[in-house]
Structure formats: structure tokens, C-alpha cells
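Participant: Each chain is listed here by its residues.
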Amino acid sequence: MTSALLAGTALTGVAAAVAGGVAPARVRTGVSTALTLAACALGLVVGAEVLHSGHVAGIRTSSLMPLSGLSLALDRFGALFVVITAVVGICAMVFRLGYDGHGLSSRTASCILPLFVTALMLVPAASNVTTFLFLWELMAITSLFLVLADQGRRAEVQVAGQWYAVMTQIGAVALILGLVLLATHCGNQSFSVIALRAPHLPSWVRSTAFVLTVIGFGSKAGAVPLHVWLPRAHPEAPGPVSALMSAAMVNLGVYGIIRFGVGLLGGGPSWWWLLIMALGALSAMFGALHSATSKDLKRLLAYSTTDNVGLMLLGVGASGLFASTGHRALSLVALVAALLHVVFHAAFKGSLFLSASSIQQATGSTDLDGLGGLLRRMPMSGPIFLIGGLAIAALPPLSGFVSEWLLLQSMLHGLPTSDVSIALAMPIGVGVLALTGGLTAFTFAKAIGIGLLGLPRTPRAGQATEVHRSMWTGAGLLALLCLIFGIAPFLVIGAVVDAAGDVTGMHHSGVMTHGWQIGLQGTPGLLAPGLLALGLLGAGGVVVLARRLIQPGPVRLTEAWGCGRELQTAQMEYTATSFGEPLTRVFEDVLNPARDIDVSHIAESRYYTEAAVIHTTLDDAFERRFYRPANRILQQWGGIARRVPNGSVHRYLAFGFFALIVVLVALA
Amino acid sequence: MSGSSYSSALTLAAGAVLVSAVATVWLASIRSVIQVVAVQGIALGAVAMILGAHRSDPGLLAAAVVVLVVKGTVIPLLLGRASGGNTGSRESRPLVNVPASLVASAALIMVALVTGRGVGTLVGSTAGALVPMGLATLLIGFFVLVARRRPTFQIVGLLMVDNGIALTAFLCTAGFPFLIELGVSFDILLGVVVLMVFSQRLRIEFGDVDIDELQELHD
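So the sequence lines, in the order shown, correspond to chains A and B. Oh and the first sequence: position 532 is 532 in the working numbering, straight run, nothing missing. Oh and the second sequence: position 49 is 49 in the working numbering, straight run, nothing missing.
Hints in this document: simulated from the structure, not taken from any laboratory. Take these hints with a grain of salt, some might be off.
Unchecked claim - So the derived list for chain B, only partly shown, Cβ under 8 angstroms to chain A, looks like this: (1) Leu95; (2) Asn97; (3) Ala100; (4) Val111; (5) Phe142; (6) Phe143; (7) Leu145; (8) Val146.
Bear in mind the structure is a predicted one, so any value in this text is a computation, not a measurement. Virtual Cβ for every residue (Gly too), placed ideally from N, Cα, C.
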């Protein structure tokens, strides 16, 4: 039954792609979106059923792909990711119905978008190396095309596409090498056989395969230092695509690290997991810092994705570290916390990216210094962004709070253990979590305060109106999930615990839900988000009531403390740049800010300034120190290589001739 | 046919294929080179004929007829006609001059002998011992492609490569199945026609130039 539905998901996705490719322009978007929605709905049903029953849904055919055959087997762990992708996919598709422009309605994009969504849903179901690599590459290449959908109009898109293409292919190469190494040493490419034999392989094979797959998956997840493509590609992609990339595609990087590191290799020495924790800590801090100082709304969200991936990796690393030192219950708690963060991140980042795209469509800009006053002008998209922002800042009663609380608990409870590596790593992890939590709150105080509140800073922002109904519906569904999961996380914790148990093979629950409460086994930690929400609601009610009681009668509104100021204009307001300025100064070495001040004087007298404009640009430290020098060296090598083929047909023929002779002599 | 006369006839025909390849390197006049191509085609046909008669294989005999017709007659005629009144022209400045080319050919024949011997012993029999000749023809054909400038010589080089492959195949096995031989021959015929048309166009467009000047087309 579920197997048939899984096949149905794939076929509907392909049908949607075909429809997008052949349908006439008038109905193209509608037809392909409707079919993609159907595929996502089927994926959701399959995933939910597998999560519920625990029966593996599988398809095997030998006719579709040569030699190895197509082999899909969806277990609970994979199903969790399928469900996430399906939900984000549904919301993104609903959003797309009202979204226009950015090249997404072209024939190519209408054909490729369904393929991308389908590949995203099928990757977690792949159960042999060839199928996995095929679907992985399908996902990478279709997403590349979608990033480039708008390349005709803006030059930045091409740059973003180039970075993305190079980074994703570097990752793919590492992944292919790692998986081939693993498959050849196991003598079989089926995941189930690899899982049986991999724990007995020589340790250098296991470690090499692990490091290679971490490079591959880390580049897709946007983990620092492999993140450079992410803050470029995610903002430049069309709205629904950027939401899918940030809320569904990066998850698969985390999926891969857990599936291969824990599921197939069966865990490893503690240095593996210290490496993952280090990557996570670096990504979290670096991403948080850049999103706090970024003044472009979508770039801010993209860096915040790197930050959140860092938190997930921190959890995965802590889980592996606990497992390698024998603390199995804590290991499961940390893994559940990481997976829960994956689920919640998908919900809030999806809603944030979708509503940011709504803002972009309404105002034509994502520059925070050109927005303002949108909460009132966009009565649906504004609050949706607000909810997403509060959730990502981990404020109760929204979802981000629950996962970060669990992550913090798991790391805090690791502190009393006697193991040296844990004793060193956990305090650092806790510190990183605290710092990024603060920075994220700062970031979204800025995004909401500058972007949504205050006065509009440009005429375009002043004329903004609410976007099409389906756009805010798509974003709103995800925001609603943030709220629901924040109040009643027990709705998903059970499924996440099952999924984590499936991949680790540990079926005792480290995280328990007692009705509305969440508790950790063997530790005193306890959280009741429902009660917390109720308490907050009550406190809010008390404040409102108290104000009513204290201040009876009509309120008189006057201009208080006007100090001679007659009116408030946008120029008097804080800007995103100035808000982030103190932080930029503190972290000057990392951010490397470049300031450029243009002052123009009044013609009559140079003592009076007519206008002053400050341009601040920030630099990515990894890009500056590593990628640009590497790029220069490669260009030099390329320059040498380009001199060899000079266009002479004879020279090209001679290459072939000598190659033939060398092969002949070598074989003789 | 007795054993010794079969083997000497086969050696003679295969030798003729190789000698005509070497002759291409030596000659400069386009007219004589086209005649050499005809000789090589006929010699290749003769190899197939002799092998077919020896093994009494009707398929091989039919292939021999195809080779004789296509490679021995049609292609040289086409080459001659396409070169038109220009057959008197010569390869005046080859990339590698004639004496050096002959030395290179000798070296290539040695390479072929060394590398082809293994294949020859695998096949056994008289035919197997001649496999290096097929390889040598192939290598010399490739060398002509690399070392000569005129488009006609390029086509001739390509034909030599194909003849070398065909000779090796005839000697190694009982030849290609008839249908495949038919297909390959017509492929080559088509290739030659296309190349001739192409070189004609080039001549109309750029005058009587050598293809090295196409470097301008490099981006």
C-alpha cells in the first residue's frame, strides 16, 4: 500500500514536470503546481503512514537504471524528512499560485520545479548507493537551474549560480568518492548490506568515508567553511525555491550525515563527532554573526540558515560523542533535539522565506534600509513574518524554544560525566548556543523593528499592499505550525523519537512526553510548553486588565515631549546598518567592514553639507582568506592550460595520436 | 588453394595495404595519393577475398565485394572528382617533411610489431601473424592526419585509419559479419562525401588554404 503510494508520489512528480513542460502558457503554472501539490500530498501520506506504522515502504526495479536498478526503501528516519519536505512543498506550491515574476513561470522552470520537489522527497528513500547518488544529483542540478531561473534580468544571479554550481559539484565529488569507497569495501552497494558490514571495515576506510561524506553533505547543508554558496544562491532564487532550499534541501545534508555516520557506519571514534561539533559551532556563530549584521532581508535569512544548520550539527555531534563514550540515553536526547530543530527550522524558515518573498514582491526590494511600516500595510504577511521571527529567536510559546531547550538540556546533562572530550566540548557547545541565541534575537529584533515597524523609508515601501491571498496562505500555514508545535510539541516529539530510534537502533526513549509535559529520562529536566503558553497568555491578560482598571475612561492622546520636533520622518529612524554597527565594530576582524562615505556640499558654501551617504560592505572571512586565493591559483593554472590548445586541428589530432600510442605501448 | 600459396598470397595482399600506407606518407601529389587509396582498397578487398576463399565463408566473400566496390572504386572516384581540376596540386609544405615522415613511419611500424605481436599469438595461424600490419596501417593513417595540411590528405588519412581497423579485424577474426561490414563501408562513404563537400566549401570560402589557418576560429 505505502509502496504503491511512494511510486505514485514519484510518478505524479514526473507527470507534473511533463505537464509544466508541455502545457500552454496560460494554464502552465496552474497545472504543474496542482500536480506538484498532489505529489507532495501523496508524499505526506506515505511519510506519515511509515512514521506511524514503522513498516518500510519500498520499491525495487531493475529496469529503470542499468546495472544497479532503482531501489527505494523508506524507513521511519527517512519518512520524517519526507514529511518535512512534503509540508514545505505544499506551502511553497500554494504560495507559488499567487507568486509572479522571477522567471518561475517560464516553461523550463515549470518543468524543473516539480522535479526538484520530487527529488527532495525521494532522496531520503534511496536505499542503494547508485539510486542515492542519482537522486542527489537530480536534486542538486534541478535546484541549480531554479536558482538561475531569473538570470536574464540580474547579474548577481549568474554569480550566485556559478558559486552554487562549483560548491555543489565539489560536494558531489566528495560524496561519490566516499560512497564508492564504502560500497567497494563492503562488496555491495545496498544500504542494508553496508550497514551490516561497515562496522567491521578497517578504521582508515571508515574514517575516510566519513570525512568525505561530511564534506559532501556539509556543502549541501551550508556548514561553514563550505557555506559560501548559500548566502548567494538562497536569496537569488525565486521565492518558493528559496523556501524549499532553506527549509527542505539543507535538511538533507543533516540527514546524510546522520544516515551515513550513525546509520550505516554505526557511529565512530569521538574525533568524528568532535569534528561535527566543531563544524556546527563554527557555522552557528559565523552564520549568526553575519545574519545579525546583514541588511538584506533574504541574505539575513540565508545566513540564519547556516546558523541553524550549525545548531543541528551541534546536536548531531553531541549525540555521536555521547554514543561513542557510552552515554546512550543522552545520545538519543541530543539526536532528538537536533531532529526536532530540523522540523521546527523547516516550519519557521519556510514561513520567513515565503513572507520575505511576499515583502519583496510588494515593495520590490529586500533591502531593510528601504523597508519599514509593513506590519500595518501588509496585515497578513507582516504578522506571519513576525511569528516566524519570534519562533526562530526561540521565544516561548513558539517552536524554536522547545528544540533549543532540549539541545541545551542534553548538553548541560553531559557536563557531570567524567569523559575528557565531553567535559571540554559541552561547555563550549553551551556557550555557542547561548551566544547564537542572543545574536538571533538581535537579528530578528532588527529585521522586525526596521523592516516591519516604523515609517516606510522609500515611497515603494509606503505604497506596499497585501499580496495575493494564496501567497500569505502558504506562508501562514507554516507560521501556524510554528505556533502549534510551540504549544503542543508532543504532537511531533513521538514521531521524532521513533525516527531517531530507527536510525540509531536504540528504542528506549530518552525524551518522554507526559501529556503536555516533556521530560528527559533519568534527569530532572522538565518542560511544559502548553502551561508556559497559558501562563504567558494569562500574564498578558493581567496586564491588559490592569491597564483597564488603572486607567478608566477615554485616553487623551497628545504630543508629549515634542521638544520642538514637528514631525517624524523616516530619516530620523534607526537603520539596519546603524543597528548592526556596534556588532560590526566588535567583530571587525571577522566581518572586515569597508566604509565609504560620500559627502556632497551645498554649492554656496562648503561648510554646509547637502547630503551624506554611507555605504558599508561586509566581507565573508572564509571567502576572503580561502576561496579567493584558491580561485586565483586555479585561474593561473587554467591560464597555463589554456595555452596548450591553440585552435590548431593538427595539434588536437596529435593529442589523440600520442594518447593512442601511449595506450598501445602501455597495454603491450 | 594450397597452404603455402594461401599464406604467401595473404601476406602479399596485407603487405600491399601497408606499403600503400607508407606510399601516402612519401607522395606529395594529390593525384598519385588518390591512386594509392584505390590500390589500398583493392588490396584490402583481396585480403578479404583470400581469407573468404580459404575459410569458404560466403559472408566474407560478400564483404570482400563490398570493400572492392566501395573502397577500391567509389571512394577514389569521388575523391578524384571532388578534387576536380585541382588534382595536379601538391602537399607543398607538410608539417613533418617527407624523410622525417618515412623515419616516423618506420618507428610506427616497429611500435605496431611490438604491440601487435601479443594479439597475433592469441589468434595463432598465418592471419594472426599479420595483425601488426593492420595496426601499422592504422598508426600511419593517424600520422598522415596529424602531419599533412591539405584537406584531401586528411581524408586519405582517415581512410587509412579505417582500412587499418578493417584489416586488423579481418585478420583477427573471420572479419565483421557481412551486415556490419556493409554498414561500416557506407558510413565511411558518407563520411568521405561530407568531408569532400566541407573541403570544397572551405576552398570556395577561404581560397586554397590549409586547415591550420582555421586557428582563427578558436575562441
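Participant: Against each hint, give a clear statement of whether it holds in the structure.
Facilitator: Results for each hint:
1. Leu95: 6 angstroms, holds
2. Asn97: Violated: closest Cβ of chain A sits about 14 angstroms from Asn97/B, beyond 8 angstroms.
3. Ala100: 14 angstroms, violated
4. Val111: Since chain A brings a Cβ to about 6 angstroms from Val111/B, closer than 8 angstroms, the hint holds.
5. Phe142: Cβ of Phe142/B sits 5 angstroms from chain A, so the hint holds.
6. Phe143: 7 angstroms, holds
7. Leu145: Since the shortest Cβ distance to chain A is 5 angstroms, the answer is holds.
8. Val146: 5 angstroms, holds
Hint check: violations occur at hints 2, 3; the rest are consistent with the structure.
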